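Following the hints, put chain B in place on chain A, whose structure we already have.
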Amino acid sequence: MALTPLASSPAVIASERASAARRHPSPVLGAVIALIVLVVVNAIFTPNFATASNAWNILWQVSTVVMVAVGMTFVIATGGIDLSVGSVMAIAGAVAAVQLGHGVAIALGFALLCAAAVGALNGTLVARDGIQPIVVTLATLIAGRGLAQVLSNDGQLVPIHNVGFETFGRGHVGPVPAPVVIALVVVLVAAFVLRATPFGRHVLAVGGNRAASRLAGIPVRRTLIVVYVVSGVLAGLAGILEASRIGASDAAKIGLNIELDAIAATVVGGTALTGGRATIFGTVVGALVMQVIATSFNMLLVPYAWSLVLKAAIILVAVYFQRPRRV
Amino acid sequence: MQEQRRSTGPAAESVTKPVLRLEGIVKRFSGVIALDGVDFALEPGEVHALVGENGAGKSTLVKIMTGAYHRDQGAMWLDGAPVDFKTPAAAQSAGVIAVHQEIHLLPHRTVAENIFLAREPRRWGMIDWGRMFAETATLFADLGLEIDPRAELGTLRTAQRQMVAIARGVSIGAKVLVLDEPTSSLAEREVTLLFRLLAQLKAAGTAIVYISHRFDELYAVCDRVTVLRDGKHVATRPLAGLERLDLVCLMLGKSRDALAQRGSAAPVARSVMHDGPPLLRVNGLERGTRLRNVSLDVECGEVVGLGGLLGAGRTETARAIFGADSLDAGTMALRGERFTPSAPRDAIAARVAFVSEDRKAEGIIPELSVRENLTLAALPSLTRFGVVSRAKQRVIVDEFMRRFGIKASSSEQAIRELSGGNQQKVLLARWLCTRPELFIVDEPTRGIDIGARGEIQALIHELAAEGLGVLMVSSDLEELVEGSSRVVVLRDGKNVAELGRQSLSQDAIIHAMATGSAVDDRKPPVGEGA
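For the record, the sequence lines run as chains A and B.
Quick note on the working numbering: the first sequence kicks off at 592 and runs consecutively.
Quick note on the working numbering: the second sequence kicks off at -10 and runs consecutively.
Calculated directly from the structure, the hints in this document are not laboratory data.
Careful, some of the hints might be misleading.
Listing some non-contacts, in silico: residues in chain B with all C-beta distances to chain A over 12 Å [claimed, not checked]:
# : residue
1 : Gly84
2 : Asp347
3 : Ala366
Partial list, derived from the structure: chain A residues whose beta carbon lies under 8 Å from chain B [what the hints assert, rightly or not]:
# : residue
4 : Gly746
5 : Pro750
6 : Ala796
7 : Lys844
8 : Gly867
Small disclaimer: the values here were computed from a predicted structure and weren't measured.
Idealized CB from N, CA, C, for every residue including glycine.
Chain A extracted, bound-state conformation:
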């Protein structure tokens, strides 16, 4: 992938890695190992796990979470959090379904615009007014879900009859499900932005040391606002895909509790909740770990509740290894 560290020589990278590993073992590495172990164990013990169709299935299912988690990674990198993503998904799904009469392009554009607006509201309240991110986005989580239901005729299911629109969620590119393609594009672009653009640097700087960032001339407020807009737009995109996949806008259910999965994927992947350190690649791996657990437990006919317990354990282990070392 385009995610290898951009250092000068392989030798330097290796020595860097070695010294970093001694100080604190890379959290991404932990997630990768967990994923490999899970896949190998399942390939051996779970019937029908190691099949192409199951692999596509897992990727297909994980794609919305990945999109949301990528946005979440940007927010968490600044030391914030975005609880409103599930509600934003519902809003975007509802808006798209209701506006489909005006054409697919308008429906999509309008849905994403609404998602961006919620993100801008979150960002403004956080950056300009200094309200805690968890409070701001809890408010938009609650209000957003309500708004989505109002938009879709008081919470009724809005069926979608539009072949073009349904392609997003159900179509394929060759053997690859369309949502997987879209998620992959999102991941690649996000990883590039975080690594190679001034904005990406600003995000990590603001999360790492806000006072120093301000003195270095970084537009701190603007960076924070944009980060929440990015999270909103990606959640909106995920909401559209979800509605398209279901073939209806279900304002009460779309994206319900997805903020928890997205935060879990981010944390397990090695992005620090305190901000300043982020890895898109890790977030993808984190989301896959969660999805493989859910899918394999399902295939093994283990009750769903047990997969929740294992997920929780993995989250705790991940956070335990990331805790600050110094006293």
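Structure of chain B alone, referenced to chain A:
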């Protein structure tokens, strides 16, 4: 209004038993020694000033007295009995109470609740509100405070909140009160009120440890002074008869006689005088109680030192020029044009750079690499088509790492793993690659080992020689004298002296810091003479 000292203190004559005594106190923080065998004795009914420059160990000593830290070695007696406070609560119940600058009380509760916090009078297991308000009222009457016990604490002014904190200490039965910079956020009238309260407590036999940087206050309220320097006890003297100049010499560790003979070291940087407006001219800066009237000029190609004791307004001046803090009054001009930065971004756009004194809190982004830290302020000029150019970064990073001798395993190493000196070099480089014309450096060599220190000082001279204007804030007199072409001395938020090459010496700086007047050279001090 200098020698308006209270003469009732027992300091000089009667040898009373000390209420609190510390002996041979040693405290280390991860191997670094903060207190090195400090002795301290506090008489009942005295106000005892504790002074020292940054890193002297004042706050560590106070924290050991009040149970916030535990000493590594040494002994402590309260009323003659050995004590060993493990927690602030233990010290409090024994009668040693700290009143912090940031008052540790509950803003949303009433005054009376705060007074009785954690020891509320009870009746049948419930809080006895009537008694609580009544006792608070009595307490305030005794202390001559006019504060409503039922008022919500947060609605009071800072001074009143502070009085409440002190009254709380009194009601707990304080034998020793520790006041850490009690007047730093008070208006002048409120200071008078505070001093009246202190006089009362003193008369009642309470011993007070008083930390402040304001000499006028020390001489107004304190009986004796203990000077700490670099974690060591330097002297304990009665304040009456101790000249200010001598006190400053004790704080800075300079002998007066030696200084007088030493004279000035030749400044390295040249002052380039030319016609036309100076690079920077600031006039009458005011901000809160910290900046009261600061004016200074910086020309291209010179290093202007900005000196003064702790709390004199050095850093505040630097931050205001950089647009990091807003101003209440005053004007600034850059190359003759009005300069009103409302944020650091504006100053950076005008080619001003600023290296903060607090490297960790305001300088480095710890998780990012040397490369990312170094190029942080110059990103706009390194960006092409929305992407930070790898090649341009490499050129700059390589150049500065070589030129400054930055020791890191590679440019990709996280900056938090570097030594202080190397971190500082990265921060200097961060600004130099923005091509500044005015460079403000606040304590450029604080906490940096000797070798790197010399390198950084040489670098600053080099920059001035290349034509930059440098404003160098420093508490290090040697650094000021050797590294500056002129030194502006601040005192209580005003510039009181400007020492040019002829008159520049450590002695002259100390004199200006202590008395507020220069052995003049170029200009009379701006503002009123002290």
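Gly867 (chain A) as chain B interface residue, shortest Cβ-Cβ below 8 Å: holds (4 Å)
Is the nearest CB of chain A more than 12 Å from the CB of Ala366 (chain B)? violated (5 Å)
Does Gly84 (chain B) clear chain A by more than 12 Å, comparing its Cβ with all Cβ atoms of that chain? Non-interface label on Gly84 (chain B) holds, nearest chain A Cβ at 31 Å vs cutoff 12 Å.
Going by Cβ atoms only, is Gly746 (chain A) closer than 8 Å to chain B? violated (39 Å)
Chain B contact restraint on Lys844 (chain A) - CB to CB distance below 8 Å: violated (38 Å)
Non-interface claim for Asp347 (chain B): all C-beta distances to chain A beyond 12 Å? At about 8 Å from chain A, Asp347 (chain B) fails to clear the 12 Å cut-off, so the statement is violated.
Against chain B, is Ala796 (chain A) within 8 Å by beta-carbon distance? Status holds, d = 5 Å.
Interface hint check: Pro750 (chain A), Cβ to nearest Cβ on chain B, cutoff 8 Å. Holds or violated? violated (41 Å)
Hints 2, 3, 4, 5, 7 from the list above are not met by this structure, while the remaining hints are.
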